[in-house]
Amino acid sequence: MDVQKENFSEWYNEIIKEAHLCDLRYNLKGFVVIPPNAAQVMKLMYRIYEEALERKGHRPAYFPSLIPERNLKAESEHVEGFVPEVFWVTRAGANELEEAMAMRPTSETAMYPMFALWINGKSDLPLKIYQSCQVWRHETKATKPFIRTREFYWIEAHDVFATEEEALMQVREDMETTDEILGGRFGIPFIFFKRPQWDKFAGAVDTYAADTLMPDGKTLQLPSTHMLGQNFSKAFDVKYMDEDGMHQFGWQTCYGPAISRIYAALFSMHGDNRGLVYPFELAPVQVVIIPIVKKDTEAEVRKKVEGLKEALSAHFRVEADFSNNTPGFKYNKWELLGVPIRIEMGMRDIRKGACVLARRDTGEKREVKLEGLENEVRKEGASLTSNIREKAFSWFSGLVHSADSDSGLAKAVEKGGFVRIPFCSDRMEGEPCAERLKEKYSVNIRGSRYGEKERPSGKCVGCGKPATIYLYAARQY
RNA sequence: GGGGUCGUGAGCUAACCUGGUAUGCUGCCAGCUUUGGGAGCUGGUUGUCAGAGUUCAAAUCUCUGCGACCCCA
3 MDVQKENFSE WYNEIIKEAH LCDLRYNLKG FVVIPPNAAQ VMKLMYRIYE EALERKGHRP
63 AYFPSLIPER NLKAESEHVE GFVPEVFWVT RAGANELEEA MAMRPTSETA MYPMFALWIN
123 GKSDLPLKIY QSCQVWRHET KATKPFIRTR EFYWIEAHDV FATEEEALMQ VREDMETTDE
183 ILGGRFGIPF IFFKRPQWDK FAGAVDTYAA DTLMPDGKTL QLPSTHMLGQ NFSKAFDVKY
243 MDEDGMHQFG WQTCYGPAIS RIYAALFSMH GDNRGLVYPF ELAPVQVVII PIVKKDTEAE
303 VRKKVEGLKE ALSAHFRVEA DFSNNTPGFK YNKWELLGVP IRIEMGMRDI RKGACVLARR
363 DTGEKREVKL EGLENEVRKE GASLTSNIRE KAFSWFSGLV HSADSDSGLA KAVEKGGFVR
423 IPFCSDRMEG EPCAERLKEK YSVNIRGSRY GEKERPSGKC VGCGKPATIY LYAARQY
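With the first letter of the first sequence counted as 1, position 407 gets the number 409 in this note's numbering; the numbers rise by one all the way through.
Bear in mind the hints are in silico, worked out from the structure with no lab data behind them.
35 Å max Cα-Cα, derived DSBU-like pairs, lysine-lysine: (1) 367 / 354; (2) 297 / 332; (3) 220 / 143; (4) 335 / 220; (5) 393 / 371; (6) 130 / 220; (7) 467 / 143; (8) 442 / 7; (9) 236 / 58; (10) 455 / 58; (11) 296 / 354.
What follows is a set of in silico ranges between Cβ atoms, one per label pair, in the way DEER data are often shown: (12) 61 / 276: 40 to 46 Å; (13) 126 / 396: 43 to 49 Å; (14) 376 / 409: 53 to 59 Å; (15) 376 / 412: 51 to 57 Å; (16) 167 / 61: 21 to 27 Å; (17) 142 / 409: 30 to 36 Å; (18) 68 / 409: 48 to 54 Å; (19) 101 / 412: 48 to 54 Å; (20) 364 / 10: 21 to 27 Å.
Beta carbons: idealized from backbone N, C-alpha and C, even for Gly.
Sequences are here, hints too, so could you generate the full structure?
Laid out in structure tokens, this is it:
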């Protein structure tokens, strides 16, 4: 890498190019080609996420990507929020269509008419469905690979319950899932914010979103989970029959982890000046073996390395690099690609029944006996994962500030990250204050921290009225 | 949405101002050679974003479109 991570914007573009994460040459704005280097990681992320959702009672399904115009328009707030960025299909072959079809920007309006048919009685509840798919939104903001594209890859889980309590429990479960996967498995720190009323998902009662930070201190929204209440069930007639034989509207939630965007957070969070760094379980290649050959011993080293590769392949994703490049070139190449464990093997090692094991995160090299190597790799891999996770979390926690005045906010914003400020209200009446702060400091109000117990003191930084709540401000992507 | 920078083989780039044969590096292919932190030699390989205009002549000048990056909202 020729650029430093301190200059994040350049680093981001550079790593995408150097590590072949994204091919930008497809000539359609906001649409990118995702080649194998990135797609492999995204697939692993998908599997981990899908497995977790299924473990928690969700079942997979696939819904059509086209939505008839009248479905999309059935819930009024939802339409208002999404229609400005919908791609429409209006023509098929030579003919104009009688009814325009929307390319799904999200699938509520594709799924819920079907949910209405699927659900009859209480025994059909809860209904927990997810699908892995692409969605399309004609973003008007500047597009950026993985972070904001007009087509992106995600999972959307849509659940229906008989009671409000159960739906609220589901929102909590979604947050736990996010903790478990994003925090635990991917090593990405974040805070769950309850979005202010003026910034919730179109059609939702409440929105909770996991916000992480990028290396430049700007925040990026990752999965969000929404309490939909009965807004959609009433619009789409999603009803069940209760004990008294009465029809009742279901209580709904939805949850949307955008895999392509989480991937951006993943490599931005853990990458360094040498290139990518992946948690062990997400690395497309987990172990790379570099043979150190001399002309006269080439055959022998090759045989040993191939044997080692085969043995390790039973447990890990392994590559051996026999290309005609120098070892140094190979080290740099595979470090750029984020391979967690590198094994160097030459005659020197073979004579000792050993190899040299190097770790991507720390760069440490040490000699390891071939006997028991599998366990060493496993151990170092796990240690790498927890090391980069800890590093990320401790960096992140240093970027949560608080301020109680205009000047304090201005100063804290400069440091990057989140700034907790006293605020008048997170209901609609607070919006003008948010607008004012946005105008003045280019910050967005992300909402109140989920689980925050502390009562606010002082005055709203926006308007000076007595504060009723702590909200968090940050510059955002 | 506003402002700025820009588009030349697969990648980076020179030539553009002042119109006339398109430069170099990297990559890729073949061969030789080499391998414990980005080796070397020889040969080969592909190009002016699209369209229109001005001109004897356009990578170069003009307009439109498409696309990229940066800053701001």
